[in-house]
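Once you know that position 53 of the sequence shown is 914 in the numbering used here, the rest is easy, because the numbers rise by one and skip nothing.
Careful: at least some of the hints might be erroneous.
[To be verified] The calculated BS3-like cross-link candidates involving lysine-lysine, where the alpha carbons are at most 27 Å apart (straight line), are:
| id | residue 1 | residue 2 |
| --- | --- | --- |
| 1 | Lys1127 | Lys1087 |
| 2 | Lys1127 | Lys964 |
| 3 | Lys1202 | Lys1169 |
| 4 | Lys1118 | Lys964 |
| 5 | Lys1118 | Lys1044 |
| 6 | Lys1084 | Lys1118 |
No lab work stands behind these hints, which were simulated from the structure alone.
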Amino acid sequence: MGKHGKKQSLNHRRGKRTSYTLENSEEEGINEYPLSPPASSAQGVALSDSDQESQEKEEDEENQEQETGFDGTNAVDNGVPSKFALYQQSVQSPKGDISYLQKFFLMYVGGRAPLHLQEDFCGTALLSVEWLHSDARRTAVGLDLDVEALNWCMENNVNRIGADVCSRISLFHGNVLQPLESKLVNFCPDESMQNMTLRDNEGDSVTGMNSSPGSTKTGQNTKSLKDIQLPARDIVCAFNYSCCCLHNRKELVLYFKHALNALSRKGGIFVMDLYGGTSSEGMLRLQRRFPNFTYVWEQAEFDIIQRKTRISLHFNLHKQHRKLRHAFSYSWRLWSLPEVKDCLEEAGFRSVHFWIRSMPDSEQIRRTDGLSVGRDVKYEEATSFQQQDSWNAYIVVWHRLSRYKTRELNTGKLLKLILMLKPTQATVGLSGAQA
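Please take these sequences and the hints and turn them into a complete structure.
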């Protein structure tokens, strides 16, 4: 239920059922990646006092309890909390993820502190916001397909962290398979992120034009990622099992190539997470109880040929005696660790590392309290791991343009110039080089 318990869900593609398809002819054949299911509409999540689909036996005990109210700052008009606030509280653990990101960077790259993060499938960008707090030099880039989640982040996460921190984060609305076409959804009028941070990464940035202050909403005049100069990222991550939303190998390899291109030439890492185990390939229903609500994680039937399943997240609100059924739903392709490794290597990464931890058996954690389950179990690097009921993994790859590679590129440029000379000159030049 997530890294905290059994399974953690994806904070992506919430809200409106907008789709984005690739238009680049060179990438023909790549279809849109899955969006919100029919249960999620532009009007939001439906609430019901009685749920005809419910099989939740915990309802009676919930109705007997008297709980305190939710934080009104994250509530909608009828007193029901935002689904994004519930998600952040029940699923995410940004401090834990950041701790491992720092560890992986220092272990595989080293030589400097990681400063520049890109969070793909960022949703409400809670991880990015937390990243900025620990060092005033840090920057964050968030990319997500769901503009509703990004706007909620602006209003509830970014706007509460102060102008200094706000100036160091940029959120983009778009498809991870076409990141350069994504649209900027936030600017900080006091000081642009680009001007603050390029000094820390001079000579190693994504080329483009500097942006000027603008609106917090996307629009026709909003700049794209390709138009903005940003520091090359030290870390790119895709958490909450986001890559399971990419259903075929071509999509997955293409995404990995984009992640690789965003990394600093001085050295950077890409980190994603994955779950598995025997319990992941069948119907499963787990719940985690919090003071004011119960979080329910539900997995439908598992197609062993296509390796696809549907994940739904529900929230049972104690005080309101309401349920948010299918607050988030996803169509997932459950990739295996060897498949991911092959795709990473095909995309150009080398030296793939697996960090795995065992999780409690699903039968033992069908009902748990808070985030206590599995928190004391640490991830350990593994080259072999025996199958069990449930496990979570970080997949870590690092990239650096080595001195040898740089020298090789420079030599290639020299030879190209020589071959552009007249034949006699080229012969003399090559002879001289061989001498």
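We went through each hint and held it up to the structure:
Using a Cα cut-off of 27 Å, the hinted pair Lys1127 and Lys1087 holds, with the two alpha carbons roughly 21 Å apart. Taken as a hint, the Lys1127 and Lys964 pair is honoured in the structure, with Cα atoms around 17 Å apart against an allowance of 27 Å. Simply put, Lys1202 and Lys1169 have alpha-carbon atoms about 19 Å apart, close enough for the 27 Å limit, and the pair holds. For the hint pairing Lys1118 with Lys964, the CA-to-CA distance comes to about 23 Å; that is within 27 Å, so the pair holds.
For the hint pairing Lys1118 with Lys1044, the CA-to-CA distance comes to about 20 Å; that is within 27 Å, so the pair holds. Between Lys1084 and Lys1118, the direct Cα distance comes to roughly 23 Å. Compliance with the 27 Å bound is thereby established for this hinted pair.
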